[in-house]
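Residue numbers are given in this note's numbering: position 16 of the sequence shown equals residue 19, and the series is strictly consecutive.
Just so you know, these hints were derived from the structure itself, not from any lab. None of the values given here were measured: they were computed from a predicted structure. Just so you know, even glycine gets a beta-carbon here, dropped at the ideal spot from N, CA and C. Any given hint might turn out to be false.
Across the chosen pairs, the derived CB separations fall in these ranges [stated by the list, open to error]:
| no. | residue 1 | residue 2 | range |
| --- | --- | --- | --- |
| 1 | Ala91 | Asn152 | 33 to 43 Å |
| 2 | Arg164 | Thr123 | 30 to 40 Å |
| 3 | Glu158 | Ser52 | 23 to 33 Å |
| 4 | Glu36 | Gly159 | 32 to 42 Å |
| 5 | Glu36 | Asp144 | 39 to 49 Å |
| 6 | Glu48 | Gln182 | 27 to 37 Å |
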Amino acid sequence: MKLRTLAFSLLLLTNLAMSQEEEKKDPATIMRELRIMMLTSDPKEAGLSKEENGGDAYGIVMDMPIGGEHTASVVSFVTGDASLYTTATFGVMGGVGHESVRKEAKKFVREAEGFLKMATKVEDFPYPDTETVYFYIITFDGVFRAESNMSDIEEGKTPLRRLFGAGQDVLTQLRLTTQKEG
């Protein structure tokens, strides 16, 4: 599994480096492109298979509004890789290098598996409006989206609150690792 994680990370970083060489891009554009890259990644290129995975979901992207017109995307994969991308100019990558992040990232993906029945298969990946949270569940059969109003999540009126909580656990661990390094 460690080799697959490394291969997956290297593949994504290579694609990022190649796209940056084409033209200098601002950080917000890079974050948006990374998000799309994660949503459209081929699990076979990362050495993942449905049989070995033990489930349909191998990744999840939780898009949530943050201050004004910006969106934060918490990205997690069954390999334990996790990142934070934003439509602003900041993000956190490399969560796979920390055991606490890997643990929560894997839990987030496994939690997402239980919400596939609430999700609809999609081929486009827009950001949500300022009142909505999108959960893009990445599976071997495509990407599925579940969504909820943020106030329903906060008030516990939707089962997606549990999935949101798992995403927040990943975000917390990413934040803690950056505080230790900073």
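Results for each hint:
no.: 1; hint: Ala91 / Asn152: 33 to 43 Å; verdict: 22 Å, violated
no.: 2; hint: Arg164 / Thr123: 30 to 40 Å; verdict: 19 Å, violated
no.: 3; hint: Glu158 / Ser52: 23 to 33 Å; verdict: 40 Å, violated
no.: 4; hint: Glu36 / Gly159: 32 to 42 Å; verdict: 35 Å, holds
no.: 5; hint: Glu36 / Asp144: 39 to 49 Å; verdict: 24 Å, violated
no.: 6; hint: Glu48 / Gln182: 27 to 37 Å; verdict: 33 Å, holds
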